[in-house]
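Asks: Let the sequences and hints guide you as you build the complete structure.
One line per chain: the protein sequences are Z and B, in this order. Just so you know, the first sequence maps onto residues -16 to 413 in this note's numbering. Just so you know, the second sequence maps onto residues 855 to 1119 in this note's numbering.
Certain hints may be false.
Some chain B residues near chain Z, calculated using beta-carbon distances under 7 Å [as the list claims (entries may be wrong)]:
1) 1044
2) 1045
3) 1046
4) 1048
5) 1052
Simulated crosslink set (SDA-like; lysine to any residue; CA at most 25 Å straight-line) [said to hold, decoys possible]:
6) Z:360 - Z:239
7) Z:24 - B:1042
8) B:1112 - B:1085
9) Z:17 - B:1052
10) Z:17 - B:1054
11) Z:99 - B:923
12) Z:24 - B:887
13) B:869 - Z:255
14) B:869 - B:981
15) Z:17 - B:869
16) Z:170 - B:1082
17) Z:99 - B:1039
18) B:1054 - Z:126
19) Z:17 - B:1039
20) Z:17 - B:1050
21) B:963 - B:1017
Not close to chain B: a few residues of chain Z, all C-beta gaps over 12 Å, as computed [said to hold, decoys possible]:
22) -13
23) 9
24) 63
25) 68
26) 110
27) 159
28) 173
29) 211
30) 249
31) 337
32) 373
33) 390
34) 393
35) 403
36) 408
Think of the hints as simulated: they come from the structure by calculation, not from any bench. Backbone N, C-alpha and C define an ideal beta-carbon position, used for all residues, glycine too.
The primary structure of each chain is shown beneath.
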Amino acid sequence: MSEFDAIVVGAGPAGASAAIRLASSKKNVLLVEKSDPPGSKNVSGGVLWGNGLSAIIPDWEKSAPVERFVDTKSVAFLTQDSKIGIDFSSKKLEQKKTGYTVLRARLDQWLARKAKEAGAMVINGVTVEKLHVEDGRVTGIEQDGDVITSDAVILCEGANPRVAINSGLRKPLSDHDVAIGVKEVIKLPENTINERFHLKSGAGFACEYVLGYLKGGLEAGGFLYTNKDSISVGIVVSMSHLRKNNATYSYNMIEEFTAHPYIAPLLQGGEMQEYSAHLVQEGGLRSIPKLFGNGYMIAGDSAGFSFSNGLVLQGMNYAIDSGIAAADTFAAAYDRKNYTENSFKSYQDRLEASYVMRDMRTFKGIGDVTWSPFVHKKVPAMLETLMMGLFMEEGRPKKHMTRMLLDALSQNDMLRVSSLMDTYRMMRRM
Amino acid sequence: MTLEIIVMVKQVPDKQEVVIDPVTMNLNRSLTRNVTNSADENALEAALRIKDKTGANVTVISMGPPQAETTMIECLARGADRAILASDRFFGGADTYPTGLTIAATISKTGKFDIIFAGEESSDSSTGHVGPGVAEFLDIDQITYASSVEYEDGHVIAERELEGGTEVVKVPLPVLVTVLLNSNTPRMQTLRRKIDATRKGIEMWDHDRIGLQPEWVGVRGSPTIVRKMNPIRERERAAKKIEVSSIGDLVDELYEKKILKLEDE
Ligand SMILES: Cc1cc2nc3c(=O)[nH]c(=O)nc-3n(C[C@@H](O)[C@H](O)[C@H](O)COP(=O)(O)OP(=O)(O)OC[C@H]3O[C@@H](n4cnc5c(N)ncnc54)[C@H](O)[C@@H]3O)c2cc1C
Ligand SMILES: Cc1cc2nc3c(=O)[nH]c(=O)nc-3n(C[C@H](O)[C@H](O)[C@H](O)COP(=O)(O)OP(=O)(O)OC[C@H]3O[C@@H](n4cnc5c(N)ncnc54)[C@H](O)[C@@H]3O)c2cc1C
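Replies: Put into structure tokens, the structure is as follows:
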């Protein structure tokens, strides 16, 4: 007899969702989290997209500690002097809320409390060291020489899955699998934020930036999200790129971002409340390991379910849905009293049927596009040239728009076959 | 007979995160994370070391709001056998006098006690009153500021840290010992013990269970009245760059600015 039906490692969105789902169907579940309280070391931008939580907490939109619903979503290219962006604000986003800004320290504590209320045993402040394996089957976890047994273990360790790697369930992370995110939370009065971003109370602004001006030609994405009375601002830079530019530090890059002439005024007068850095899973489809085996399943970032398609950085939503899928797979296996690899096959099927794996497939090559000099250097420069051309009044007759676009393209060395291929590839992968 | 050891523990706001509300001047406890008072972890460790050798029973006792449960579970997870939280709205707002009284009464209610451990002081109020207060209420001997504690044959032998030296004392049971901060390395909580502690749970005792009248405890039982609290205002530092060409010039300059003085001035 095992001590628990299931053990979930890690109380991020993936693990907490799995535990809530399992406990709600009366499974005897242990959720182990290394930080105390849960979430105190976790980092997201973050906008929680989608309605995944409704499957486990129907009234979550009312009770969860969300900051603001996103009513303006923007994407912008930044050059040294300019910002060229697209804003999408819509009454439709107010009626049907598609995303909320969140602060993880609050969200994760709330989720852990929900897991406890549902009946899970939640233990934080302890790091799981490894999986316990008997006859080729995972039958529990090990910590400080003790074995805690269970019929199955669901690994939800996040972006740096030490247990999965040490147990050989996932390959060690390569530079291509991860990016580094650095983030600051800047405190500002609620009213100031509302005025600065033209927001009604409760409504929020979320923007992703392509940073085309960083020192040393580094490629990084920036983000800025409004919370109730603070702003989350940060950068994401790919590990391989950072490695190539050894002399650059990620904390200098965030300073370059927040000092930009069109970013600094948004943060002006704010007080830094939090500073954090975290790995981001960016490997996409090719970094996804085998998701299940005898006695175990892997969900969330640990399984590589996170990426940016250039417009939004996502991961919490995939974490929640994959956590729930793992819990449902366990419940079905529980009814059969069979926890073998074969019995967990339906985990893969559940994910393939949901948007989790479909998104991973749709955007499988996106990394090559979002992390390319084409997007980070040429596009911003070309857009700036084009805009300057359009709005400059020099007392001369203006050129035709098409002519101007062609000029802008050629000035920025984009009228080559390779660049046209890049454009084509970008459109296809997005 | 099994030795009965009591450890007094207090839950305190994490020092690094303490925020004083500039308007109300209250400690804003809602924003801060709560932790076990550090010296109390040393007190518990001292008790557990005696338990390791003698098989003693270790009971942790705290007075505080229900959320202090996390601290109590932590103590169980480190190896305590029983946890009692004296919790009651009547206990709120206590100064050190009713705090000592409430804890002493709770200890009496547990029955036999041989050694009582407390921390030297709390990190949030730091009066160091409560341990000695409990010893007085129970009318037993006390050893304060102990850096090491051994049990031997009906006695506690403790080393006390004094200015300019140490003192070794041997005191017969029952005795209360207050333990110095950082005097030992508390053992880790393990997952196994945390699971067992969570299953076992803690006991909550109210004033009735302890046998205390509401007017003896909490705010009503407190002789001190806090009129006003003043946060320490940071003083502007007069840092200035002085350009001088020699040490002599610098001394002259400092003298003129009245930063240096002559001895007989
Ligand atoms: C804003 C503010 C104002 C205050 N003003 C006063 C005042 O004017 N007069 C006054 O007397 N007090 C005052 N107090 C302090 C009082 O409320 C103390 O917090 C409480 O009585 C315990 O004293 P202590 O924290 O100094 O503990 P200490 O005596 O420093 O603690 C020593 C040891 O006693 C034990 N211990 C202490 N408290 C507990 C507990 N609750 N449960 C179990 N064990 C415990 C622990 O082992 C601890 O290590 C004030 C506190 C605050 C926050
Ligand atoms: C800068 C940045 C910005 C981001 N922005 C967004 C965004 O806007 N929207 C979005 O959807 N996603 C965003 N993401 C991605 C998102 O944060 C992750 O995809 C998401 O957190 C994954 O959830 P998870 O539960 O799988 O892992 P995590 O949230 O990382 O949780 C894993 C948990 O496991 C615990 N743990 C790890 N190992 C152990 C162990 N051995 N024992 C016990 N506990 C352990 C950890 O402490 C942690 O609590 C962002 C990420 C970063 C870094």
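Asks: Hint by hint, say whether it matches the structure.
Replies: Verification of the supplied hints:
Among the interface hints, the one on residue 1044 (chain B) holds; its C-beta lies about 4 Å from the nearest C-beta in chain Z, closer than the 7 Å criterion. Because the beta carbon of residue 1045 (chain B) sits about 4 Å from the nearest beta carbon in chain Z, less than 7 Å, this interface hint is met. Satisfaction of the interface hint for residue 1046 (chain B) is found here, the shortest Cβ-Cβ separation to chain Z being roughly 4 Å, below the 7 Å cut-off. Satisfaction of the interface hint for residue 1048 (chain B) is found here, the shortest Cβ-Cβ separation to chain Z being roughly 5 Å, below the 7 Å cut-off.
Given the 7 Å rule on beta carbons, the hint for residue 1052 (chain B) holds: about 6 Å separates it from the nearest Cβ of chain Z. Of the supplied pair hints, the one linking residue 360 (chain Z) and residue 239 (chain Z) holds, its CA atoms being roughly 16 Å apart against a limit of 25 Å. Of the pairs offered as hints, the one joining residue 24 (chain Z) and residue 1042 (chain B) holds, with about 20 Å between alpha carbons and a cut-off of 25 Å not exceeded. Proximity of residue 1112 (chain B) to residue 1085 (chain B) is assessed by CA-CA distance (about 29 Å); at most 25 Å being required, the pair is judged violated.
Restraint check for residue 17 (chain Z) and residue 1052 (chain B): the C-alpha separation of about 16 Å stays at or below 25 Å, so the hint holds. Between residue 17 (chain Z) and residue 1054 (chain B) the CA atoms are separated by roughly 21 Å; this keeps the pair inside 25 Å, and the hint holds. Simply put, residue 99 (chain Z) and residue 923 (chain B) have alpha-carbon atoms about 15 Å apart, close enough for the 25 Å limit, and the pair holds. The straight-line distance between the Cα atoms of residue 24 (chain Z) and residue 887 (chain B) is roughly 13 Å, inside the 25 Å bound, and the hint therefore holds.
Between residue 869 (chain B) and residue 255 (chain Z) the alpha-carbon distance is near 19 Å, which keeps this suggested pair within the 25 Å criterion. With a CA separation close to 16 Å, the supplied pair residue 869 (chain B) and residue 981 (chain B) stays within the 25 Å bound. Distance hint between residue 17 (chain Z) and residue 869 (chain B) is fulfilled; the C-alpha atoms sit about 21 Å from each other, no more than 25 Å. For the hint pairing residue 170 (chain Z) with residue 1082 (chain B), the CA-to-CA distance comes to about 29 Å; that exceeds 25 Å, so the pair is violated.
Between residue 99 (chain Z) and residue 1039 (chain B) the alpha-carbon distance is near 31 Å, which puts this suggested pair outside the 25 Å criterion. For the given pair, residue 1054 (chain B) sits about 20 Å from residue 126 (chain Z) by alpha-carbon distance, which is consistent with the 25 Å threshold. Between residue 17 (chain Z) and residue 1039 (chain B), the direct Cα distance comes to roughly 21 Å. Compliance with the 25 Å bound is thereby established for this hinted pair. Between residue 17 (chain Z) and residue 1050 (chain B) the CA atoms are separated by roughly 17 Å; this keeps the pair inside 25 Å, and the hint holds.
In summary, the hint linking residue 963 (chain B) to residue 1017 (chain B) is not supported, as the alpha carbons are separated by about 37 Å, beyond the 25 Å threshold. Here residue -13 (chain Z) does not stay apart from chain B, with its beta-carbon only about 9 Å from theirs, under the 12 Å limit. For residue 9 (chain Z), the shortest C-beta to C-beta distance to chain B comes to about 18 Å, beyond the 12 Å cut-off, and the non-interface label holds. Distance to chain B confirms residue 63 (chain Z) as a non-interface residue, since its nearest Cβ pair spans about 34 Å, more than 12 Å.
The non-interface label for residue 68 (chain Z) is consistent with chain B: the shortest C-beta to C-beta separation is roughly 35 Å, beyond 12 Å. The claim that residue 110 (chain Z) lies off the interface is violated: its Cβ sits roughly 9 Å from the closest Cβ of chain B, which falls inside the 12 Å cut-off. Even its closest Cβ contact with chain B, about 34 Å, leaves residue 159 (chain Z) beyond 12 Å, as expected for a residue assigned away from the interface. Taking the minimum C-beta to C-beta distance to chain B, about 17 Å, the non-interface status of residue 173 (chain Z) holds against the 12 Å cut.
Every Cβ of chain B is farther than 12 Å from the Cβ of residue 211 (chain Z); the closest lies at roughly 14 Å, confirming the non-interface assignment. With a least beta-carbon separation of about 25 Å from chain B, residue 249 (chain Z) lies farther than 12 Å from that chain, consistent with its non-interface assignment. At roughly 32 Å from the closest C-beta of chain B, the C-beta of residue 337 (chain Z) stays outside 12 Å, upholding its exclusion from the interface. At roughly 50 Å from the closest C-beta of chain B, the C-beta of residue 373 (chain Z) stays outside 12 Å, upholding its exclusion from the interface.
Chain B leaves residue 390 (chain Z) outside its interface by the beta-carbon criterion, the shortest separation being 54 Å against a cut-off of 12 Å. The beta carbon of residue 393 (chain Z) is kept farther than 12 Å from every beta carbon of chain B, the shortest such distance being approximately 54 Å. With 12 Å as the threshold on Cβ separation, the claim that residue 403 (chain Z) sits away from chain B holds: the shortest Cβ distance comes to roughly 55 Å. In this structure residue 408 (chain Z) is separated from chain B by more than 12 Å, as the shortest Cβ-Cβ distance comes to about 48 Å.
Violated hints, listed in ascending order, are 8, 16, 17, 21, 22 and 26; each of the other numbered hints is respected by the structure.
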